[in-house]
Amino acid sequence: GESVGLHLPTLSVQEGDNSIINCAYSNSASDYFIWYKQESGKGPQFIIDIRSNMDKRQGQRVTVLLNKTVKHLSLQIAATQPGDSAVYFCAEISLTGNQFYFGTGTSLTVIP
Amino acid sequence: NAGVTQTPKFQVLKTGQSMTLQCAQDMNHEYMSWYRQDPGMGLRLIHYSVGAGITDQGEVPNGYNVSRSTTEDFPLRLLSAAPSQTSVYFCASSYDRALRGQYFGPGTRLTVT
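So the sequence lines, in the order shown, correspond to chains A and B.
When we follow our numbering, the leftmost residue of the first sequence carries the number 144, and every step to the right adds one.
When we follow our numbering, the leftmost residue of the second sequence carries the number 9, and every step to the right adds one.
Derived from the structure by calculation, the hints contain no laboratory data.
Hints should not be assumed to be uniformly reliable.
Covered by chain A, per the in silico footprint, the following chain B stretches (three or more residues, Cβ under 8 Å) [unchecked claim]:
hint: 1; region: 41-55
hint: 2; region: 107-119
Only part of the chain A face toward chain B is listed, based on derived beta-carbon distances under 7 Å [as the list claims (entries may be wrong)]:
hint: 3; residue: Gly159
hint: 4; residue: Tyr175
hint: 5; residue: Gly186
hint: 6; residue: Phe189
hint: 7; residue: Ile190
hint: 8; residue: Asp192
hint: 9; residue: Phe243
hint: 10; residue: Phe245
hint: 11; residue: Gly246
hint: 12; residue: Thr247
These numbers come from a predicted model, not from an experiment.
Using N, Cα and C, we set each Cβ at its ideal position, and we do this for glycine too.
Input sequences plus hints: build the corresponding full structure.
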C-alpha cells in the first residue's frame with residue numbers, strides 16, 4: 144500500500160497477470176475516491192473514481208473496490224500489460240470539508 | 009482537443025525573481041486547479057477555481073497568486089521565488105469539484121537557486 148516517504152512501495156508483476164494496488168485512506172467523511180496513473184515525466188492521468196456510497200466500480204480492465212469499514216481502497220488491473228508500468232496513486236475528496244488528499248503512490252513494473 | 013497545456017516545461021529562477029506559469033484548457037471545464045508535486049509527497053493543492061472570476065486557496069497557497077479571467081486560462085504567479093518552491097507544478101481541469109474526469113497538464117519543472 145501507499146506510504147509517505149522517499150521510497151515508493153513497488154509491485155512487480157508478469158505480463159498477463161492481474162495486479163492489485165492498495166491504498167489506505169484517512170477521512171471517513173470523504174465523498175469520492177480517485178485512482179490516477181502517472182508515467183515517468185508526465186502528468187497524472189485519471190483512471191477511475193468511486194463514490195463513497197459504492198463498494199465496487201468497474202472500468203475497462205480496471206476495478207476499484209472500496210472497503211469503508213477498514214478505510215481501504217484497491218485498484219485491480221486485469222491482464223496487466225507493459226504499458227501499465229507507472230506510479231499509481233489514490234486521492235480522497237471531501238466536498239463538504241473542501242479537502243483533497245493525494246497519496247504518494249505505488250510503483251508498478253510489468254515484466255514482459 | 010489539446011486538453012490541458014502548460015508552459016514553460018522547464019524553468020530556472022533565482023531567489024526573489026517572479027514569474028508566471030501558464031495553463032490553458034480547451035474542454036470548457038469550469039473547475040481548474042494548480043498542484044505541486046515533491047519527492048516523497050503526494051500532490052498538494054495550491055489554488056483552485058470553480059469558474060471564471062472565482063478563485064480560492066488550497067492547502068499550500070503562500071507565495072503564489074492566481075487569477076481566472078476566462079474559462080480557458082488559469083495562470084499561476086510566483087511573486088518572489090524561494091528555493092522551497094523548487095518543485096514540479098501541475099495544472100488540471102475537471103468538469104466538477106469532485107475532480108471527475110480530471111485532466112492534468114504535462115507539468116512545469118521549476119528550480120529556484
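Each hint, compared with the structure:
no.	hint	verdict
1	41-55	holds (count 8)
2	107-119	holds (count 9)
3	Gly159	violated (29 Å)
4	Tyr175	holds (5 Å)
5	Gly186	holds (3 Å)
6	Phe189	holds (5 Å)
7	Ile190	violated (10 Å)
8	Asp192	holds (6 Å)
9	Phe243	holds (5 Å)
10	Phe245	holds (4 Å)
11	Gly246	holds (5 Å)
12	Thr247	holds (5 Å)
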